[in-house]
Amino acid sequence: GAGVSQSPSNKVTEKGKDVELRCDPISGHTALYWYRQSLGQGLEFLIYFQGNSAPDKSGLPSDRFSAERTGGSVSTLTIQRTQQEDSAVYFCASSLRLGRGGDQPQHFGDGTRLSIL
Amino acid sequence: AQKITQTQPGMFVQEKEAVTLDCTYDTSDPSYGLFWYKQPSSGEMIFLIYQGSYDQQNATEGRYSLNFQKARKSANLVISASQLGDSAMYFCAMRAFQTGANNLFFGTGTRLTVIP
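These protein sequences, in sequence, are chains A and H.
Reminder that position 9 of the first sequence reads as 9 in the numbering used here, one-by-one numbering, no gaps.
Reminder that position 64 of the second sequence reads as 64 in the numbering used here, one-by-one numbering, no gaps.
Incorrect hints may appear among the rest.
[As the list claims (entries may be wrong)] List of simulated lysine-lysine pairs, DSS-like, C-alpha gap at most 30 angstroms:
1. H:Lys-70 - H:Lys-3
2. H:Lys-16 - H:Lys-73
3. H:Lys-73 - A:Lys-57
4. H:Lys-3 - H:Lys-73
5. A:Lys-15 - A:Lys-57
6. H:Lys-16 - A:Lys-57
Honestly, the hints are just simulated from the structure, not real lab data.
Chain A extracted, bound-state conformation (with noise of 0.2 angstroms):
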């Protein structure tokens, strides 16, 4: 498809255990983002990869965090030993390369809706 896919699209998991989520941006989309919005809330910035560079993780609430993206496309965010605080829809986003006299729009997947028990 053309947009950005994510999956699961809704995982239900017990506290303490990991999970993996994934993320498959818009072909040709340098720049994907990782989001999570808890209930009733608006979008929290978690990670941000562009191109080769270092990702910056200045969003990750804790070191049970991490992401990783592989040859520059499909990307996978792990919570390690997860908490109920950890429930939230998970978004990724993809864009075009940022600049820093414009922008561009980053589009998102559905989101993966993440529940722990």
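Given chain A, work out where chain H should sit, using these hints.
Just chain H, lined up with the frame of chain A:
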């Protein structure tokens, strides 16, 4: 630091009428971009409109327009001729360019309900 404020948790509008959704922002960066996204009940985030801080004219995209008042630091979304399908959450977001921030900062959103 950047901050986005949406003071209207919920708004109602009659079908075919226009509605304004408020957004104010705070940043010390002289160069920034402002975005509006729509999130229907199905959950996806849909990009609506973009305004750059140095753009001379207000952005328009079909029935959407952005009332950009730079001195007041406001970027209100105007939806004309509301349709039932416009019922959704609407998020205002900002990215500051010179600070090097890569991400968008989002407001808490406004839930718009269009009444038939």
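Evaluated hints:
no., hint, result
1, H:Lys-70 - H:Lys-3, "holds (15 angstroms)"
2, H:Lys-16 - H:Lys-73, "holds (29 angstroms)"
3, H:Lys-73 - A:Lys-57, "holds (29 angstroms)"
4, H:Lys-3 - H:Lys-73, "holds (11 angstroms)"
5, A:Lys-15 - A:Lys-57, "holds (24 angstroms)"
6, H:Lys-16 - A:Lys-57, "violated (44 angstroms)"
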